[in-house]
Amino acid sequence: MSAVVQSKTNPGNFFEDFEVGQVIRHATPRTVTEGDRAVYGSLYPTRFAVPSSAAFAASVGLDPHPVEELVAFHIAFGKTVPDVSLNAVANLGYAECRFHRPVVPGDTLSTTSEVIGLKQNSNGKSGVVYVRSTATNQRGEVALDWARWVMVHKRDAGAPAPETVVPTLAPALAAADLVVPAGLDFSSYDFEAAGEPHRFGDYAVGEKIDHVDGVTLTESEHQQATRLWQNTAKVHFNVEARPDGRNLVYGGHVISMARALSFNGLANAALIAAINAGAHTAPAFAGDTVYAWSEVLDKAETDASGVGALRLRLVATKGRDESMTLRGEDGKYAPGVLLDLDYWAFVPR
Amino acid sequence: MSAVVQSKTNPGNFFEDFEVGQVIRHATPRTVTEGDRAVYGSLYPTRFAVPSSAAFAASVGLDPHPVEELVAFHIAFGKTVPDVSLNAVANLGYAECRFHRPVVPGDTLSTTSEVIGLKQNSNGKSGVVYVRSTATNQRGEVALDWARWVMVHKRDAGAPAPETVVPTLAPALAAADLVVPAGLDFSSYDFEAAGEPHRFGDYAVGEKIDHVDGVTLTESEHQQATRLWQNTAKVHFNVEARPDGRNLVYGGHVISMARALSFNGLANAALIAAINAGAHTAPAFAGDTVYAWSEVLDKAETDASGVGALRLRLVATKGRDESMTLRGEDGKYAPGVLLDLDYWAFVPR
Amino acid sequence: MSAVVQSKTNPGNFFEDFEVGQVIRHATPRTVTEGDRAVYGSLYPTRFAVPSSAAFAASVGLDPHPVEELVAFHIAFGKTVPDVSLNAVANLGYAECRFHRPVVPGDTLSTTSEVIGLKQNSNGKSGVVYVRSTATNQRGEVALDWARWVMVHKRDAGAPAPETVVPTLAPALAAADLVVPAGLDFSSYDFEAAGEPHRFGDYAVGEKIDHVDGVTLTESEHQQATRLWQNTAKVHFNVEARPDGRNLVYGGHVISMARALSFNGLANAALIAAINAGAHTAPAFAGDTVYAWSEVLDKAETDASGVGALRLRLVATKGRDESMTLRGEDGKYAPGVLLDLDYWAFVPR
Chain S
8 MSAVVQSKTN
18 PGNFFEDFEV
28 GQVIRHATPR
38 TVTEGDRAVY
48 GSLYPTRFAV
58 PSSAAFAASV
68 GLDPHPVEEL
78 VAFHIAFGKT
88 VPDVSLNAVA
98 NLGYAECRFH
108 RPVVPGDTLS
118 TTSEVIGLKQ
128 NSNGKSGVVY
138 VRSTATNQRG
148 EVALDWARWV
158 MVHKRDAGAP
168 APETVVPTLA
178 PALAAADLVV
188 PAGLDFSSYD
198 FEAAGEPHRF
208 GDYAVGEKID
218 HVDGVTLTES
228 EHQQATRLWQ
238 NTAKVHFNVE
248 ARPDGRNLVY
258 GGHVISMARA
268 LSFNGLANAA
278 LIAAINAGAH
288 TAPAFAGDTV
298 YAWSEVLDKA
308 ETDASGVGAL
318 RLRLVATKGR
328 DESMTLRGED
338 GKYAPGVLLD
348 LDYWAFVPR
Chain C
8 MSAVVQSKTN
18 PGNFFEDFEV
28 GQVIRHATPR
38 TVTEGDRAVY
48 GSLYPTRFAV
58 PSSAAFAASV
68 GLDPHPVEEL
78 VAFHIAFGKT
88 VPDVSLNAVA
98 NLGYAECRFH
108 RPVVPGDTLS
118 TTSEVIGLKQ
128 NSNGKSGVVY
138 VRSTATNQRG
148 EVALDWARWV
158 MVHKRDAGAP
168 APETVVPTLA
178 PALAAADLVV
188 PAGLDFSSYD
198 FEAAGEPHRF
208 GDYAVGEKID
218 HVDGVTLTES
228 EHQQATRLWQ
238 NTAKVHFNVE
248 ARPDGRNLVY
258 GGHVISMARA
268 LSFNGLANAA
278 LIAAINAGAH
288 TAPAFAGDTV
298 YAWSEVLDKA
308 ETDASGVGAL
318 RLRLVATKGR
328 DESMTLRGED
338 GKYAPGVLLD
348 LDYWAFVPR
Chain D
8 MSAVVQSKTN
18 PGNFFEDFEV
28 GQVIRHATPR
38 TVTEGDRAVY
48 GSLYPTRFAV
58 PSSAAFAASV
68 GLDPHPVEEL
78 VAFHIAFGKT
88 VPDVSLNAVA
98 NLGYAECRFH
108 RPVVPGDTLS
118 TTSEVIGLKQ
128 NSNGKSGVVY
138 VRSTATNQRG
148 EVALDWARWV
158 MVHKRDAGAP
168 APETVVPTLA
178 PALAAADLVV
188 PAGLDFSSYD
198 FEAAGEPHRF
208 GDYAVGEKID
218 HVDGVTLTES
228 EHQQATRLWQ
238 NTAKVHFNVE
248 ARPDGRNLVY
258 GGHVISMARA
268 LSFNGLANAA
278 LIAAINAGAH
288 TAPAFAGDTV
298 YAWSEVLDKA
308 ETDASGVGAL
318 RLRLVATKGR
328 DESMTLRGED
338 GKYAPGVLLD
348 LDYWAFVPR
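Residue numbers (the numbering used here), protein chains in the order written: chain S, 8 to 356; chain C, 8 to 356; chain D, 8 to 356.
Quick caveat, the hints were computed from the structure, so don't treat them as lab data.
Some clues are possibly wrong.
You can't tell identical chains apart in this list, so a pair holds if it fits in one copy or across any two.
[Unchecked claim] Below, a list of computed lysine-lysine pairs in the DSS-like style, where the Cα atoms sit at most 30 Å apart:
1) K215 / K126
2) K215 / K132
3) K306 / K161
4) K161 / K215
5) K132 / K306
6) K126 / K306
7) K215 / K241
8) K339 / K215
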């Protein structure tokens, strides 16, 4: 009976289970609802006008009413966990995450991943797996896609190493590669309703913005968020899963918290267009108070009416750092830095 | 760069930033959804038949299905915080809050405030700001309005005092001023489905009702509730924001908890028609166990079929007070009293 | 005034308030929404494809999109608490719970109970009340029904004992009595999307499955869940209600958690068809880490295309028990067992 028992539960994939070119169709499709918008709003202090208001969204050409891009990101990403990173030693990074169209209540998201690279570590015990994942809606249209690489255990250290294939990934998407949602028009954007007067022209490359506010993480909230995305990585939910008896906060929770906090100063960074890179530089736990600051990395115009794009670095910190220091003199991330996220946002010109 | 940084984030308004007659259009519009109903139901033990059941609501003439009046109140109120009370020393009170029409999923609420009074304190460091706020839906119809006054810091103690203007606010709305929702008809109200047999005629002015049940507040729940309303006052979320390292519970959380508890004895106080006054008499924190009792202050008939109105005092206490004592012999609120709320409710005759 | 006060609040029914044949119509009707699906998904790690995806549900003949059967169960069950078990000494069991049709957002559930048995205890201080409860939707169609028996205090130990009536309840529903939802067709079931390849023929009677994962219960989450079902039993919410100052976790929270955990190995136990019996064998509290294992008790075919039925024992434990031991040599439940649930599920053949 023991063998049967073993075969029914998912042990996850180990390094030697992956091969370049392999396509994994992840379970389970997930329909987005207005309920997701409400739960998200109870977990993050989000006030961006487009996802907050159907009327505002319609006034900029988005009807039906999209949910936050990060709702789609977390759902799509969560599906890959059981197949890609259940046996991960570490999530090393992601890149080239592009939002192709708004996700609206009623959309059903499914995610597929293709293995695009493999590199066994010199210790022979683990290796790096590169995948490109694509989330589509119920009509087969691409909602978002991204690349990701994780370090995964080998089941058997003696298994032969695969040929090393390391994909070329862009350090950042070019502005020309961003997809402006069909119909988006910021030409009559209502700055007063949105909460701040600052527009594309008011931001300068190199400018830093301290978002001032902080939120103390609670145990229930990070778990509810993570579960909402059907992300079942046990380190987030089971105090018996880690030697320190603490639940690790899902990195995506820190992303969403920092994004929501960034409203104060970036209220008009209305839509996330792409995520260029993300580094979770330190673990977060319940009880930590998370703050955020941003730096303007680049600016670009788009062809859409009134729509510009800002490339931003969003940094989450444990405790407030008014000096907004990313790295120390040694080049390492400064103490307290939790997240270094590089993304593009659409803003009114 | 420092000046630029300062200008991007919202420092809130100080006393000298207000002037009588000034109109503030608050960010951000917010669409109410069925998700809000569900999250609300997970945070408060609410069982009132109208918001609980679309079928029951339709049977009393309300279709589409309204959410609780307090959902609309908290959302509308939360919008005023960044502009009116970010630098508040204290929330002093509110009055003349009137619900003009039910709010239903799909409605987008926006709030505007007019400054109706100013009075600098004798110490010259702060002053009282009176505003009348109005929340409208996406069709421009008034959903609710209310007056509120808060004590706000001055940025500069040397700034000249404005002319003192103190508005006249009614201690309670007259029954004749209540707005019965269009179509409301309690003539075939189903008392058994609603949970209690008590009708208008069963309540006597002066009668007190101990609602018996208590709920212990948790850290996550009060924060989720407050965040749902996009109320971002930092004292609720950031343990580093107060010297005692504790998160203050949003006063509206205590209102909603007490209202939900009042079901036991006031199940047929079906709709809140108006809030005459509210005093948050002591702070509440996670771990406190909240109980409630009510007193019937007044009664009135309405022109609508089967609809009466009860004016009620709703008192929330920390710990149960079976003696239902509002004030001690010294005239001060009795120990344990958290909330003294004066409101009108529509009940079946 | 005191007498008036007493009469307004619900003291619950005592043993002598029940009589065989009595029908109780419970308050309050409750409309199910997409918000419930989202909140449920934030509280439990559920990934079953039918409730997760409207597109998947439609592909197996279920459109509109049903919520989890346990959502309907908890809502319907919660309604009975104020009338049946407010003065319960203990919930002794339930049986013959049958799901007659899927519940979908927009459905309004109402519950009625008929007293089908009474048996005073020999101590004269309490007695067992047997009820059969039926939840119907807004069209009067039966959504689910079940039998339940609880031990209830007598108000007056001197009250005469009623005639003893003990109903005959089946230890398990026969497969022939299960109701396959109209239109259900598993003939083109997408196993890859659902997350596991195991079908009807892959499960053997006697087989046990360790679901591997565990979840540490939090205080807020179990309360939010219980409140969502309008279950107001005070032991779940009020630390002053129990001598140990702890909030007891609602038994239904453990059922939902175990059901969600069982995805890992039983992903294709797609729909709950019936609950034959349930024993809550030990109390659960925040901080406990819940695991689950299952045993296949029986198998049956149905007339519906591609639809088989598995009778399963779902066991929740505090701490993982890889030995999957239900009872010790003394015949008593093994230490750590929290729940022993016997149910039927529909699975693809």
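Outcome of the hint check:
1. K215 / K126: Answer is neither; intra-copy 37 Å and inter-copy 38 Å both fail.
2. K215 / K132: neither (42 Å within a copy, 32 Å between copies)
3. K306 / K161: neither (43 Å within a copy, 38 Å between copies)
4. K161 / K215: between (43 Å within a copy, 28 Å between copies)
5. K132 / K306: neither (43 Å within a copy, 43 Å between copies)
6. K126 / K306: So K126 and K306 fail the 30 Å test inside a copy (35 Å) and across (46 Å) alike.
7. K215 / K241: between (36 Å within a copy, 22 Å between copies)
8. K339 / K215: within (19 Å within a copy, 50 Å between copies)
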